[in-house]
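Chemist: Here are the chains, one letter per residue:
There are 2 protein chains.
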Amino acid sequence: MVKIGYLGPRGTFTKLAVDTAFNGENKQSFTTIPECIDAVYRDEIDIGVVPLENAIEGTVQLTVDYLVHQVRLPVMAEIVVPIQQHLLVKPGFTGELSELSSVYSHGQAIAQCHQFLHSHMPDANMNFTSSTGKAAEMVSESGESIAAIGNRLAASEYGLTIHQENIHDYPNNHTRFAVLAKDKEIIRIKHEAETEKTSLLITLPSDYAGALYQVLAAFAWRKMSLSKIESRPMKTGLGNYFFIVDVNQPYDDVLFPGVKAELEALGCDVTILGTYPVHQIDL
Amino acid sequence: MVKIGYLGPRGTFTKLAVDTAFNGENKQSFTTIPECIDAVYRDEIDIGVVPLENAIEGTVQLTVDYLVHQVRLPVMAEIVVPIQQHLLVKPGFTGELSELSSVYSHGQAIAQCHQFLHSHMPDANMNFTSSTGKAAEMVSESGESIAAIGNRLAASEYGLTIHQENIHDYPNNHTRFAVLAKDKEIIRIKHEAETEKTSLLITLPSDYAGALYQVLAAFAWRKMSLSKIESRPMKTGLGNYFFIVDVNQPYDDVLFPGVKAELEALGCDVTILGTYPVHQIDL
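Chains A and B, in that order, give the protein sequences. Under UniProt numbering, think of the first position of the first sequence as 1, with each following residue one higher. Under UniProt numbering, think of the first position of the second sequence as 1, with each following residue one higher.
These aren't lab readings, by the way, just hints derived from the structure by calculation. These numbers come from a predicted model, not from an experiment. A few of these clues could be false.
The list cannot tell twin chains apart, which means a pair is met if one copy fits it or any two copies do.
[To be verified] Calculated pairs, DSSO-like style, for lysine-lysine (alpha carbon to alpha carbon, straight line, at most 27 Å):
#1 190 - 90
#2 182 - 3
#3 228 - 27
#4 260 - 3
#5 260 - 184
Isolated chain A (complex conformation):
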């Protein structure tokens, strides 16, 4: 049976993504992103699912930095899940919002629901927990006048009721997860992929005005469309940067090798981080 590792604990958005995207494989929780990536690298698990863009459980920075600096594993798929934060209470609670004295959640989840909380629960105490799952656990073990902010999975894992749905400020927020594996063939995601992407890591030889412009020229004249570009400082000191570029098309034998050869002629270092399908999941 395929072993899938994910950034836990129970009730996190990563677990929600894994449960929604994969069938009943053997699933194992890890406590940090590096531990989950290491486990794939050492063949202790077959697939690792870690956040690529998710303000609550981990930033793109930590995952990208670890893949760039420590362990090179290819991204085999991307899973995109909408962020839906709900106000969770104990099943016995049937009162009004104003009767809830305290709200527990991860600091970023509380921040994501800032407008709702400010308008509807201005007098409630805010309490920070290490994860949204932990907040749900605490509410499940306490009295009825406190609420948690978390996702649908956190509600079902800890026996809570959704008192108010979708209390997050922005309706179109998404989280992105990278599926890491050594063997592409073992990955079976339930949802069809609509698009394919290729992610590149590009290191510039030195900082100078217009360097990035030259890099982008290699894509632009080939009409290759970029869906993301982000500069990140190298860990070797200030003033050195690398770029992560997502191209909206799968790797091929003509365009990408052409880009790579041109950029290397400019003194850049180019690494293909992965070419993979993007699975957009509706909850």
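Position chain B relative to chain A; hints supplied.
Modeler: Same frame as chain A, but now just chain B:
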């Protein structure tokens, strides 16, 4: 007296930045980034200090998104502080690392010290807290065989001893903070600024191959050097992006208006988020 708000609680990296950069002004802790920004906007405080790039207390995304979508306040200065994570214990503990059974910290701080923990404390239990300050508080209130990961300020705030210095994996990690205010004149930062930057928000009219290339052309032919570029999805739906661009020079009356006019002619929207000094702080 100038009132400075910051993302708390005690012992965080934001508080460390505020204490190091500012003299004895009136300082007030806020529990979320939006609350701190709102307080500046409503004139409840004069200056707000929030993380711009800091994996532990908040991501650039939340601060940038809130400034872009909710409250437009200019960035008046940037403070850059090195990340230094230490292993903190109670003063009475004088044993070996192997005698510490548990480590408490924010998940991202534990992840940042992954290699140290993996090599030197493979048997210790990892416990996640909502902040590094909270971890220090818990250790200060418990027995002697547990440790926290946090900064120097967390140690002094909670009466802990630094058992091992600088246990983070990457020596050149930094956190960046935005100093928000309506009036530039009231900001007095102790450290000299070495450079100045200008941050722009650029929205493209639609996605097409090479759009970003055209945008960068406006900077490149003027030999304006960029220190950061990041694309972020608009909250209005998938497929719309805006870009945050940091230019390594202060705003002027020739080059920047020229860039703005050219980009607007291409159908872009251009907003100056701020032109400000960068204060690099050594701890």
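Chemist: All hints are to be evaluated individually against the structure, with a verdict given for each.
Modeler: Taking the hints in turn, this is what the structure says about them:
{"no.": "1", "hint": "190 - 90", "in the structure": "neither (32 Å within a copy, 50 Å between copies)"}
{"no.": "2", "hint": "182 - 3", "in the structure": "within (13 Å within a copy, 54 Å between copies)"}
{"no.": "3", "hint": "228 - 27", "in the structure": "neither (30 Å within a copy, 38 Å between copies)"}
{"no.": "4", "hint": "260 - 3", "in the structure": "neither (35 Å within a copy, 52 Å between copies)"}
{"no.": "5", "hint": "260 - 184", "in the structure": "within (23 Å within a copy, 45 Å between copies)"}
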